[in-house]
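Peer 1: Listed below are the residues making up each chain.
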Amino acid sequence: MLASAGITGTIGRALLLVGLIGSVFGAFAAITGVRNNEPRVVRLVSRFAVLAFASALGAFAVMEYAMITRDFSLAYVQKVGSWSTPALYNFAAVWSALEGSILMWVLILSGYTLAVCFWMRKRLNESLAASAMAVMLIVLAFFFLVSFFPANPFALGAPGVLDGPGPNPLLQNHILVMFHPPILYLGYVGVTVPFAFAIAALVTGRVGEGWLIATRRWSLFAWGFLTFGIALGSWWSYEVLGWSGVWAWDPVENASLLPWITGTAYIHSVLVQERRGMLRVWNISLLVATFSLTILGTFLTRSGVLNSVHAFSESGIGAWFLSFFAVVLLVSVFLIGWRGDKLRSPGIIDSPLSREAAFLANNVLFAVFAFIVLLGTVFPLIIEALQNRQIAVGAPFFDRLTVPIGIALLTLMSIAPVLPWRKASAETLQTRLFWPMWSGIAALVASLALGAYGLAPLLTFTLGGVSGGAALRQIVLATRRQGLRGLVGRANGGMIVHLGVILIAVALGASNSYSKSQELSLVVGVPATFAGHSFELTDVIEVRDDRSVSVKARVIVDGDKTYEPAITKYTRIGMNVGTPSVKASLTSDIYLTLEPPVRQDSNTARIKVFIKPMITWLWIGTMLMAVGTFLAAFPGRRRRPTDATSAPVLVNEKIQN
Amino acid sequence: MRSKYLVKIVSSVVALVLVSLLWVLIVSKPNDGQVARSPLLGQPAPSIVTATIDDQPFDLQRRKGSWVVFNFFNSTCVPCINEHHLLVDFANREATNDNGAELYTVVNDDSDDAVRNFFLKNGGDWAKLKDENGAIAVAFGVARVPETWVIDPNGLVRLRVTGELSEGLLEAQLDKLREEFTS
Numbered sequence: 001m002l003a004s005a006g007i008t009g010t011i012g013r014a015l016l017l018v019g020l021i022g023s024v025f026g027a028f029a030a031i032t033g034v035r036n037n038e039p040r041v042v043r044l045v046s047r048f049a050v051l052a053f054a055s056a057l058g059a060f061a062v063m064e065y066a067m068i069t070r071d072f073s074l075a076y077v078q079k080v081g082s083w084s085t086p087a088l089y090n091f092a093a094v095w096s097a098l099e100g101s102i103l104m105w106v107l108i109l110s111g112y113t114l115a116v117c118f119w120m121r122k123r124l125n126e127s128l129a130a131s132a133m134a135v136m137l138i139v140l141a142f143f144f145l146v147s148f149f150p151a152n153p154f155a156l157g158a159p160g161v162l163d164g165p166g167p168n169p170l171l172q173n174h175i176l177v178m179f180h181p182p183i184l185y186l187g188y189v190g191v192t193v194p195f196a197f198a199i200a201a202l203v204t205g206r207v208g209e210g211w212l213i214a215t216r217r218w219s220l221f222a223w224g225f226l227t228f229g230i231a232l233g234s235w236w237s238y239e240v241l242g243w244s245g246v247w248a249w250d251p252v253e254n255a256s257l258l259p260w261i262t263g264t265a266y267i268h269s270v271l272v273q274e275r276r277g278m279l280r281v282w283n284i285s286l287l288v289a290t291f292s293l294t295i296l297g298t299f300l301t302r303s304g305v306l307n308s309v310h311a312f313s314e315s316g317i318g319a320w321f322l323s324f325f326a327v328v329l330l331v332s333v334f335l336i337g338w339r340g341d342k343l344r345s346p347g348i349i350d351s352p353l354s355r356e357a358a359f360l361a362n363n364v365l366f367a368v369f370a371f372i373v374l375l376g377t378v379f380p381l382i383i384e385a386l387q388n389r390q391i392a393v394g395a396p397f398f399d400r401l402t403v404p405i406g407i408a409l410l411t412l413m414s415i416a417p418v419l420p421w422r423k424a425s426a427e428t429l430q431t432r433l434f435w436p437m438w439s440g441i442a443a444l445v446a447s448l449a450l451g452a453y454g455l456a457p458l459l460t461f462t463l464g465g466v467s468g469g470a471a472l473r474q475i476v477l478a479t480r481r482q483g484l485r486g487l488v489g490r491a492n493g494g495m496i497v498h499l500g501v502i503l504i505a506v507a508l509g510a511s512n513s514y515s516k517s518q519e520l521s522l523v524v525g526v527p528a529t530f531a532g533h534s535f536e537l538t539d540v541i542e543v544r545d546d547r548s549v550s551v552k553a554r555v556i557v558d559g560d561k562t563y564e565p566a567i568t569k570y571t572r573i574g575m576n577v578g579t580p581s582v583k584a585s586l587t588s589d590i591y592l593t594l595e596p597p598v599r600q601d602s603n604t605a606r607i608k609v610f611i612k613p614m615i616t617w618l619w620i621g622t623m624l625m626a627v628g629t630f631l632a633a634f635p636g637r638r639r640r641p642t643d644a645t646s647a648p649v650l651v652n653e654k655i656q657n
Numbered sequence: 001m002r003s004k005y006l007v008k009i010v011s012s013v014v015a016l017v018l019v020s021l022l023w024v025l026i027v028s029k030p031n032d033g034q035v036a037r038s039p040l041l042g043q044p045a046p047s048i049v050t051a052t053i054d055d056q057p058f059d060l061q062r063r064k065g066s067w068v069v070f071n072f073f074n075s076t077c078v079p080c081i082n083e084h085h086l087l088v089d090f091a092n093r094e095a096t097n098d099n100g101a102e103l104y105t106v107v108n109d110d111s112d113d114a115v116r117n118f119f120l121k122n123g124g125d126w127a128k129l130k131d132e133n134g135a136i137a138v139a140f141g142v143a144r145v146p147e148t149w150v151i152d153p154n155g156l157v158r159l160r161v162t163g164e165l166s167e168g169l170l171e172a173q174l175d176k177l178r179e180e181f182t183s
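As they're listed, the protein sequences go chains A and B. The numbering used here applies: residue 1 is where the first sequence begins, and numbers increase by one. The numbering used here applies: residue 1 is where the second sequence begins, and numbers increase by one.
Think of the hints as simulated: they come from the structure by calculation, not from any bench. Incorrect hints may have been included.
[Claimed, not checked] 27 Å max Cα-Cα, derived BS3-like pairs, lysine-lysine:
hint	chain 1	residue 1	chain 2	residue 2
1	A	LYS608	B	LYS130
2	B	LYS8	A	LYS342
3	A	LYS122	A	LYS79
4	B	LYS64	B	LYS130
5	A	LYS583	A	LYS608
6	A	LYS583	A	LYS516
7	B	LYS176	B	LYS64
8	B	LYS4	A	LYS342
9	A	LYS516	A	LYS608
Between the sequences and the hints, there should be enough to build the whole structure, so can you do that?
Peer 2: If you want it as structure tokens, here you go:
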């Protein structure tokens, strides 16, 4: 059953080599085939793409086979495999550490490359498509290279090892480990597709709107999965880590947030380029930034330069990613500078009160947001380089600066959907903002009536009302005209996504400002009360299995159901993990954790209770964002220029173009 | 809103930011294997007043003048068990040294009896410190065992090793620190 030492590893490594060669040759074929106008060479590109994908899939399958059969001849299986890890978590153990996660990146990227190749199969001899394929294959070759050399998952381990410690305990106690990393990667890696087309556009000089419009759905797809992956990560943090928060501004979290920030700016800003050919430099820069940030993020989290809750880093790999990051930046900046003239757009922004101006303001705000998060994340590195001492930058820095940005974004979200293109008159704005304003006032009144206080939360709720009104107005108008078709398409789907964002903003505002917590010393049979809820400890039990010992406190909340916060000791690794227990509801969550020290059969236990208002709306908002993104991918009906949502065109206005 | 100067200024600022970012990243030092970061490094150690498992008092302040090594330990944790013999060797080496480092085990979420039995079976006669409510672990920011910390004779934290010790690591790091300290 166990493969004899070395065979599995050799097969896996050979497959990686095949994939590497395939991608290099494929890139070469794409570049020369188009240069010399030889369709036969270009046809080779699809063959190489298939080869690369097949070898990546094969290598991943070999890795899984080794993990499932507990083949401890491989160093990686020695690191994260174990006989005592349950089957599902063992399958996910492949991506629980560096080498396996790079392998997964290779698999997903080769999948995307093949998909793009198939999508463009009839147009591969056009220079734009061929250049884009070349870029994708070059990036793929880089990752194959990393997987072949510094992050080799098939390296042989020390001989005679019969069992391993298994993956990090935090990756073994929740089913989300099966979903969060792959979904996040689908987003992270998917950014490569629009990036490849942007570089191709710059190289071939076809910097008009063609590449942008063609890659629209790819960008949306990647962005959607990135958003959902980040949200899943926050949910996991909430359910599993026991600190009752959803976002810690940890370097690894920031590494996934940074490309999301620039990516969100990008999917908005492209609307301006599509409509009026403007903001071309912004769009290409945002896209380059998004892709570079995925590489930078990987460097920050894998090189070990920053301490992190997620730490699964290894030195040596840092230099590879840093070099690739530098190359990507240098090449992109050079290309943008070289094509500077072609990128100059024919139109100008007519008025500060127009949708174009709003999107420009949006870009600036998101750029500032990204800069702040990036600065906070690398600040410890800056201080260490300049002053040779170590500091840690925590949540207070980020919270203080991002709350005003969030409020500014909510304000923009309130006006931009009602702003017409080109120029708005005060009258137009007044009419269109009528209902949103009133819903904002209603939201303010409702919040005050429910007992809300504090400037930031009240602003959030009010602006949430206004922007919600603006989004709903658009949806109502569209469904009135088109029935159910008024819910699909970019504009309408986008408004549904906005509604989801508003729910998330309101939920975060409420839970950040109005959460309460208390530590209760509970005695069996004696109920305690806090914040209007009662807690009664019934007993403290111990549950053992071959990888952990878990002490659970059984607490009856509000005389109704029993919740079991626990402390689990994973004996093979030497780590204690607190598992919270949550009573969720639409108004607030009651979050329980068990505080050490506690012994089984004890008749007392220290329970920490967190009351988190409106947290459930965070997850509802996320689902709404997912639904909206899905709906936005469908083609909507093209808006006629004379439709009600466009601005009225004055008779004597000179049309610029 | 169009101005050649605006474009030049914005591009120069962006270029400057990118170059500085690259410089910071290039000079940053990655994790040196198990030697880990901590905001405590170079700072005075937290005040530790506790008792050993034999109820002898212990106060970290009074250990100034010697090198102090804390090893956070739990008798059921496999890496702790694995590294134990290295600590025994280390203690023996330091015992022959005039200015030898003092080794203390900090009991992390374990019963005193279990720790006592473990040491009886596996050797090691240095003091084992009680950590009521995990306050010492929290003060140092210890999330999982084993972790080994080194404090210099002035009471400043100088080294943090996370995870199982490797052969010779502690001795080599301590020798390096001693050299820096006396120079």
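Peer 1: A separate judgement is required for each hint: does it hold in the structure or not?
Peer 2: So, going through the hints one by one against the coordinates:
A threshold of 27 Å between alpha carbons decides the hint, and for A/LYS608 with B/LYS130 the separation of about 24 Å falls inside it, so the pair holds. For the suggested pair B/LYS8 and A/LYS342, the alpha carbons sit about 17 Å apart, so the restraint of at most 27 Å is met. Proximity of A/LYS122 to A/LYS79 is assessed by CA-CA distance (about 46 Å); at most 27 Å being required, the pair is judged violated. Of the supplied pair hints, the one linking B/LYS64 and B/LYS130 holds, its CA atoms being roughly 20 Å apart against a limit of 27 Å.
A threshold of 27 Å between alpha carbons decides the hint, and for A/LYS583 with A/LYS608 the separation of about 14 Å falls inside it, so the pair holds. A threshold of 27 Å between alpha carbons decides the hint, and for A/LYS583 with A/LYS516 the separation of about 15 Å falls inside it, so the pair holds. Pair hint B/LYS176 plus B/LYS64 holds up; C-alpha atoms about 19 Å apart against a cutoff of 27 Å. Among the hinted pairs, B/LYS4 with A/LYS342 is consistent with the structure: their alpha-carbon atoms are about 16 Å apart, no more than 27 Å.
The straight-line distance between the Cα atoms of A/LYS516 and A/LYS608 is roughly 11 Å, inside the 27 Å bound, and the hint therefore holds.
Checked against the numbered hints given earlier, the structure breaks only hint 3 and satisfies all the rest.
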